[in-house]
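Here our numbering runs 1 ahead of the position in the sequence shown, where the first position is 1.
FYI, nobody ran anything at the bench for these hints, they're computed from the structure. Here the structure is a predicted model, which is why all the values come from computation and not from measurement. Just so you know, not all the hints are guaranteed correct.
To be verified - Pairwise CB distance ranges, derived in the manner of DEER restraints:
| id | residue 1 | residue 2 | range |
| --- | --- | --- | --- |
| 1 | E247 | N150 | 39 to 49 Å |
| 2 | D179 | E223 | 29 to 39 Å |
| 3 | V22 | I256 | 46 to 56 Å |
| 4 | T101 | F157 | 15 to 25 Å |
Ideal placement from N, C-alpha and C gives every residue a C-beta, glycine not left out.
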Amino acid sequence: MKMKKLYVSDLDGTLLNTSGVVSEFSRNTINDLIAKGLNFSIATARTAATANGILAGLDIKEPVILMNGMAIYDLKNKRYIKQHNFTCAQRDAILDIIETKKVPAFVYTIQNEELICYTYEDEKLTPEMKYFKDERVVKFNKRFEVIENYNYLKKFEVIYFTLLGKFDDLSDVKLAIDEVENVDTLLYLDVYTDDWILEVHIAGVDKGTATKELRESTGADEMLVFVDNTNDIPMMNEADYSYAVENSKENVKLIADEIIGNNDEDAVAKKLLKLIK
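Please construct the entire structure, taking both the sequences and the accompanying hints into account.
Here it is, written out as structure tokens:
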């Protein structure tokens, strides 16, 4: 009996080129391979709003992993299959921290199958966050709602927090949030800029746990992943084999099973062509 293989790729810095898009070559190549039976999915820190736009034209049939594992999403039917929200106590503690410290944050909720991002008005955002917001509104028509006080969000289920800014500023916030029980934080350098990103989500869920769930739900016997950044390490640990693009972080390259070309050379698509014969 033929083994079922599942191939999962990160987006930014991996499948996407430095312009943040899937090249025509990569799109056509992967679509041809999917038509021939390739089981292909995505695991990204991005949300459904941006992933839907970026992946338009790719005929992905498998569910995809969003927000670093916090949600598993059906691209075809635009439906959340699974999501991991904070408890009320966790949500309230984090909201209290960002409100007390007066730091702007993007706070994500899922309401009626739509992801909504709440944040301050533009004047209170860091330059990094304003750019992040404006780009997503223009490119992907992503929904942002303005609030005056983060305590307003204590009536909603919250799935994710994202903050952008300078390392020293975000390190201080991270230390405070790390005191909240069963919550994980990840502080890392953005692929495209010199900005730092702080992501906050419930503990015990990441790209690793999500890819494990995806593997089990699809019945795959083997899972191979394409990666570039620190937040990909959990899914590398779950995979049978990992490919790091040449532009990956050094700590990622050190533990990858194989180094391939860079993300501007269609490295993922070209490797898939060699693997799927």
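Okay, the hints, checked on the actual structure:
For the hinted restraint 39 to 49 Å between E247 and N150, the CB-CB distance of approximately 46 Å keeps it satisfied. For D179 and E223, the hinted distance range of 29 to 39 Å is satisfied, since their beta carbons lie about 36 Å from each other. Range check, V22 to I256: about 28 Å between beta-carbon atoms, so the 46 to 56 Å window is missed. Checking the proposed 15 to 25 Å range against T101 and F157 shows it holds: the Cβ atoms sit about 19 Å from each other.
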